[in-house]
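Peer 1: For this one, chain A is given, so just place chain B on it according to the hints.
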Amino acid sequence: MGGSWLTAVIFTPLLGALFVLAQPEARATWRAGFIFSLIPLAISIYLFAAFDPARASYQFVEQYSWIPQFGISYHLAIDGISLFLVLLTTVLFSLSMLYSGGGDIETRPREFCFFMLVLEMGLLGALLAVDLFLFYVFWELMLIPMYFLIGIWGHGRKYYAAFKFILYTMLGSILMLVAILYLVTAARAHLGHLTYDLLALYGVPLSHREATWLFAAFALAFAIKVPMWPLHTWLPDAHTEAPTAGSVILAGVMLKMGTYGFLRFAIPLFPEIAIEAAPLFLALAVVGIIYGALVAMVQPDIKRLVAYSSVSHLGFVMLGIFALNPQGMEGAIYQMLNHGISTGGLFLLIGMIYLRRHTREIAEFGGLWKTVPIFAAVFMVVMLSSIGLPGLNGFVGEFLILVGTYLTKSLAAEIAVVGLILGALYMLYAYERVWFGPITKAVNETMADLSGREIAVMAPLIVLMLFMGLYPRLLLSRIEPSVGALLGRVHAAQARIDRRQHDARALAALLDPKSVAAK
Amino acid sequence: MTQFNWSVINFAWVPILPLIVVAAGAMGVLLAGVQIDDEDSGSLGILSIALFVFAAILALLLFGGRPSLTFSGALSVSSYTAYFELLVLFAAAMTALMSVEYAADQGLAGAEYYALIMFAALGMMLMAAGDDLIVIFLGLETMSIAVYALAGFLRRDPRSNEAALKYFLLGAFSTGFLLYGIALIYGATGSIKLEPIEAALSRPATDNALLLAGVGLMLIGFGFKVAAVPFHMWTPDAYEGAPTPVTAFMAVGVKAAAFAGFMRVFMVHLGPLGPQWTMVLWVVAALTMTAGNLAALVQTNIKRMLAYSAIAHAGYILVGMTAVASPRAGGAILYYLLGYAFTNLGAFAVVVALERRGAAHDDIADYRGLATRHPWLSAAMALFMLSLTGVPPLAGFFGKFYIFSAAIDAHLTWLTIIAVINSVMSAYYYLSVLIAIYAREGGVEPVALRTRPALVAALVIAAAGTVAIGLFPQPYISSAADAFASALSNAPHRHIVLSR
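So the sequence lines, in the order shown, correspond to chains A and B.
Here the numbering used here is used: the first sequence runs in plain steps of one and ends on residue 829.
Here the numbering used here is used: the second sequence runs in plain steps of one and ends on residue 584.
One chain only, chain A, in its complex shape (with noise of 0.2 Å):
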């Protein structure tokens, strides 16, 4: 399979961006930048269909050398665990852009259209990567548009919470540079040298120190990004005082990139750290689960409610990435897309909210079914689909995911669907007051219903929604191989393990006094 896909998906956003800057009005800046941001969706579409569901390895390869010196080379590829999360963001670029034009930015609308659309490459570049060093120039060039983001068009406390987001990230990030460091340097002493190709450094033999140390490295800088518990500081600042567009990409796709780090870079990297390491991570997963579900239950703004949900979500995403079984993993990857189509969503139609009323205070509501019934419907099929109701979405990877973790640590698992429950709770909760009852606030009752274009957002979010939750076969039967695959480094991993501890133990009895007189 030859040709430039992977390449041209990158970059059409960055040609977008640059051509944004030449239009004289808004207008033509909104429609330029919407355009720009569908023809990588339509790549992303072609690659879906083009992608050969049954191989596990890499497709769409392209290397190029770039700085041999270093033998670091311009290294893309595309495999299932990718394939989906690249969609998932071609789509939420565009439908962003779309909400976006509608009112949402009116204050230099070319400024804000190139920023999404750096944004937008340096996503795609950081999911489409294998060299190790491509991937960390795309993992920290997707920062500076996301702290302008923020910093620009943010609200509130929006200059703190873009410094807070970005402090935080480059903090985990640059660690990581020094284990990529220590790692290719390390890696040379074997191969003889340079190189930041991924698939090579593969099973370089380390110590068990080195790896221990390593590991933490990647792991801190993905965790942060997920984030953890209790690395979840950021979360909440970043996304209740970014613009709503900002909090879709944030959510929906940014977040996604700590978990895909894990499954990508720390997990069959240090496959035996991973395995030694996954009781801790189960353990935080399952605080974080709990942590944000209830820190979500008292939010009385409903963005910071769903900023706090995403922490109890991707602590589900995580439990099922530790859960190192194929049920948890392909679950997770389930999880990753359904958060960003739900969580996406939700981000939205809160953004129509507030730019009805200016506020995102849940008191502020109430009893808006009278007034805007197809808004009311709409938050209600989102809503339903973060909350995991069966026959959407999210169902699907909550239930996978709970699988994988009965498999390996029942307790766990169980632990979770109390987080499950309690994610119901705050949902239906905070819907029932904004929603329903008597209308309390007279503003309310002139609230105007979605307009075309916002159901024209929408509705591609609620077809996926539906479409995900009834035929999971689809992604699924693509995700599977190179979950895979994934799983086979673990466990040659575990095989290694258990051969270093039966020889230990072999060893021990050998050298027992009590077995040596009996001889």
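The hints are simulated quantities; they were obtained by calculation from the structure and are not laboratory data.
Ideal Cβ positions, reconstructed from N, Cα and C, are used throughout, including at glycine.
Worth double-checking, as some hints may not be accurate.
[Stated by the list, open to error] Computed footprint of chain A on chain B, listed as stretches where at least three residues anywhere in the stretch have a Cβ under 8 Å from a Cβ of chain A:
no., stretch
1, 162 to 173
2, 205 to 216
3, 489 to 495
4, 501 to 510
Peer 2: Chain B alone, transformed into the frame defined by chain A:
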């Protein structure tokens, strides 16, 4: 009548042609200044730029040649020398370029101003070329005296006076250390030339205490010039008060030249003493990065902020020097200095753009809302700030990456971790400038760029370089690595050309 001795005209002069062009050019500019009004000094600026470019072409021709020594082993002819000469000439030309309109606006005496830049560049090139401690010292003095005068060039501005005086007093103090160190090393090894000194290190008869004392004093002397903590106190005041193009020249040119000498003495020739001096440098590097970044966090004046940022960057470079055990370290520093030159010159060019006579406009608050009025100038500043932060794919990122990879290679894992944490810390103050530019309102109106083509040219060159060097680092990595290797290349290749 004695016959003219033709032997003075021989091959030995060729390698110093760039130096000769700059020296003769400086005097030429001074003489031409007699004929030209200060109002009209722009033409002198253009003349000096042309001379810098000419000298740079000569230096470029010398790049890649076989390394050798000339003038009785006092000067080294190598790609290393040529690399630093090119770097210095670039910095000097960019300084002149951003001065053309600035000098006219501020009413500076053009001839003296440009001549001093040229003399300073001459000193810097001599420092880069010297393979002899006295030559390095002479270069340092030539450079320093010219820069002291340049720092105080805004005669009616008390800040400029303060800058010059502080820089002069502390600079003179530090040269004392350097000279004393040279004396002690001479006492211990019996030579001021670096080759024989290196040879003496392995002789058991060499007085180690004397030698180490000398090395320590030299370290202090160079530490002052590169603004390493705790010898950095002069930096913020000198940077803030000096005319902004001169500040840029100090931050880039002086630093490059000082590191040229520092690296040649320590990394190239004092390698056998590495275990001793890297121990000290480890601490100095960690302190320099941390103190520089911490102090930069609280600055409200952009020139002071950039001064502390320059200190922090010196710290990153010192990490590279500490990593002398890695074969990549030298090339890493050379590459870093190149990227840093483009980025920092660009950042100062933006500062120049906001300045006008009598109104410095150098508070970060003055930058508020710049993006709405001057999107391109703002975009350039964003590029420079992001490159200084180390955001890929810009020059600053790859420079840091290169240095850190050398440090890991030399097993300096903890120092690298300190360095990267510092790098995150620096993001705060660099990005604060961008928040002021992009997200806030108010600020001041810069002088219309339409009337300042030279400054625009400087900005465009700096921005293009910042992107190109970062995105396609490969040729620059090769040149940097070759250049450092040429300084290292040992005895069999090294022969003294025409010693007399």
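Peer 1: When the structure is checked against the list of hints, which entries are broken? Sort them ascending.
Peer 2: Hints 1 and 2 are the ones this structure does not satisfy, whereas the remaining hints hold.
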